Structures are given as structure tokens and as C-alpha cells.
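Novice: Okay, here's what each chain looks like letter by letter:
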Amino acid sequence: QKEVEQDPGPLSVPEGAIVSLNCTYSNSAFQYFMWYRQYSRKGPELLMYTYSSGNKEDGRFTAQVDKSSKYISLFIRDSQPSDSATYLCAMSPNNQGGKLIFGQGTELSVKP
Amino acid sequence: ETGVTQTPRHLVMGMTNKKSLKCEQHLGHNAMYWYKQSAKKPLELMFVYNFKEQTENNSVPSRFSPECPNSSHLFLHLHTLQPEDSALYLCASSNRTGVISYEQYFGPGTRLTVT
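Keeping their order, the protein sequence lines are chains A and B.
Sequential numbering of the first sequence, starting at 1, is according to the working numbering.
Sequential numbering of the second sequence, starting at 1001, is according to the working numbering.
In short, the hints are calculated from the structure, not lab data.
On a predicted model such as this, the values are computed, not experimentally measured, just so you know.
Heads up, a few of these hints could be off.
Pairs of lysine-lysine, PhoX-like flavour, derived with a Cα cap of 20 Å [stated by the list, open to error]:
1. A/2 <-> A/111
2. A/99 <-> B/1019
3. A/42 <-> A/56
4. A/2 <-> A/67
5. B/1040 <-> A/2
6. A/70 <-> A/42
7. A/99 <-> B/1018
8. A/42 <-> B/1040
9. A/42 <-> B/1022
10. B/1022 <-> B/1041
11. A/42 <-> B/1041
12. A/56 <-> A/67
13. A/2 <-> B/1041
14. A/2 <-> A/56
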């Protein structure tokens, strides 16, 4: 079983749709949860992070962590064509300085 | 130059060649990383350097040899690679704040093809 599972997609939605991206994980020691966005021919960039459980909102983006279910989500409201990218979830337990475990990424396409 | 730069952006090499990938970070960070990104697979951490010292070698074959001469530069020396080593090689950097370095800044990667 992979430590982090992420549906690779591709996911195609119309402009303005609400997008839900998800990851599940098996290691209950994970405490830090990140979402990275990777545009074509670019390196990943950090989009959001959360510590432990709960929600975090930043503009059109909301990250949710449910540690009891070992499930994290990224919601994108009013999706735009510029949101078309691959979204990678990543996780880290405490005391593992710098070692992130990534999901395989979900490819998202937002059609105008 | 800003952020994290990588050269070359594309590299084609034969299995008997020796080549090197270069990474430079202009962010004043003290940790640097090499990742391998293959199609439809998660990013695989290869090496971690903190303050120029290697702190992680994720069971990487010896045909990959990292070098970190200072906190701003990182190299990956390649020799006698296999076709399955073809992938996007990403360099990243971060600041070591406490024990977690979740905010990693990535370069654009080197697309490597082994023929």
C-alpha cells in the first residue's frame, strides 16, 4: 500500500466549477499537509499548507484535513483556466526535517 | 537570476556517458534537495543536504552521485545510466526552521532522456 494515494485524473471541468481534489494516506504520524501546484514544464510551487486537522482558506482555495479518516482535500471555487495544472499533495511527520511524501498528482484542466 | 535555477533544461545521454546536472538557489536557504519525477509516479526524494552535509540518501543507486560545495549550489553527477532513469530531475531548496521544511522552492527541472 502506498503511503499517499491520489487520483491521477485527468480531471476536466468547465470554468466557474467547484473543484475537489483529494488524497488519502496511511501513516498516522503525518502532521503537516501541503498542496503544491505544478504547471506544465515548471517545478512544483507551494499553494497551501495546514498543520494537523482543520480547514484553511486562501482566496478561492480551501484546504481541509481530516486526520480521523486520513483524508485531505483541496477545494477550488470559481475555477479559472489559469488553474489548469497538476496538483500534488504532500505530507510530513514531525521530526523528519525536509522529507516530504508526495502523492502522484492530479491533472486538472479547466475549460473556458 | 531569482529563485532556483537548473541547467541544463534538457539532456539526452547515452548509457555510457558521464554528465552533470547543476542547481543554484538564490534564496539564501540552507537545505537543498534532489527529486526524481517520473510520469504518473509520485515525486521521489533522492538526496537531502543541510548546510552542505548530506542528511538523506533515499537508497539511490551509485550511478547518481550528488555534490554540494556550498549552500547555494548542488550538483548531480550521472554515469552509466539506464533507460529507466529517464525522468524529470527537480532541485529544491528550503530553510530549516525547527525540524520541518515543508515550504520547498523548486527549480524548473532537467528533462533527462537516456538512450
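Novice: Take the hints in turn and mark each one as holding or not.
Specialist: Here's how the hints hold up against the structure:
Pair hint residue 2 of chain A plus residue 111 of chain A does not hold up; C-alpha atoms about 31 Å apart against a cutoff of 20 Å. At most 20 Å may separate the alpha-carbon atoms for a hinted pair to count; residue 99 of chain A and residue 1019 of chain B exceed this at roughly 27 Å. Proposed proximity of residue 42 of chain A and residue 56 of chain A is contradicted: the alpha carbons are some 26 Å apart, above 20 Å. Between residue 2 of chain A and residue 67 of chain A the CA atoms are separated by roughly 17 Å; this keeps the pair inside 20 Å, and the hint holds.
The suggested pairing of residue 1040 of chain B with residue 2 of chain A holds, with an alpha-carbon distance near 14 Å, which does not exceed 20 Å. For the suggested pair residue 70 of chain A and residue 42 of chain A, the alpha carbons sit about 29 Å apart, so the restraint of at most 20 Å is broken. Under the criterion of a C-alpha separation no larger than 20 Å, the hint pairing residue 99 of chain A with residue 1018 of chain B is inconsistent with the structure, at around 28 Å. Of the pairs offered as hints, the one joining residue 42 of chain A and residue 1040 of chain B holds, with about 16 Å between alpha carbons and a cut-off of 20 Å not exceeded.
Distance hint between residue 42 of chain A and residue 1022 of chain B is fulfilled; the C-alpha atoms sit about 16 Å from each other, no more than 20 Å. Under the criterion of a C-alpha separation no larger than 20 Å, the hint pairing residue 1022 of chain B with residue 1041 of chain B is inconsistent with the structure, at around 23 Å. This hinted pair checks out: residue 42 of chain A and residue 1041 of chain B have alpha carbons roughly 16 Å apart, not beyond 20 Å. Distance hint between residue 56 of chain A and residue 67 of chain A is fulfilled; the C-alpha atoms sit about 14 Å from each other, no more than 20 Å.
For a cut-off of 20 Å, the pair hint linking residue 2 of chain A to residue 1041 of chain B stands: about 11 Å separates their Cα positions. The straight-line distance between the Cα atoms of residue 2 of chain A and residue 56 of chain A is roughly 26 Å, outside the 20 Å bound, and the hint therefore fails.
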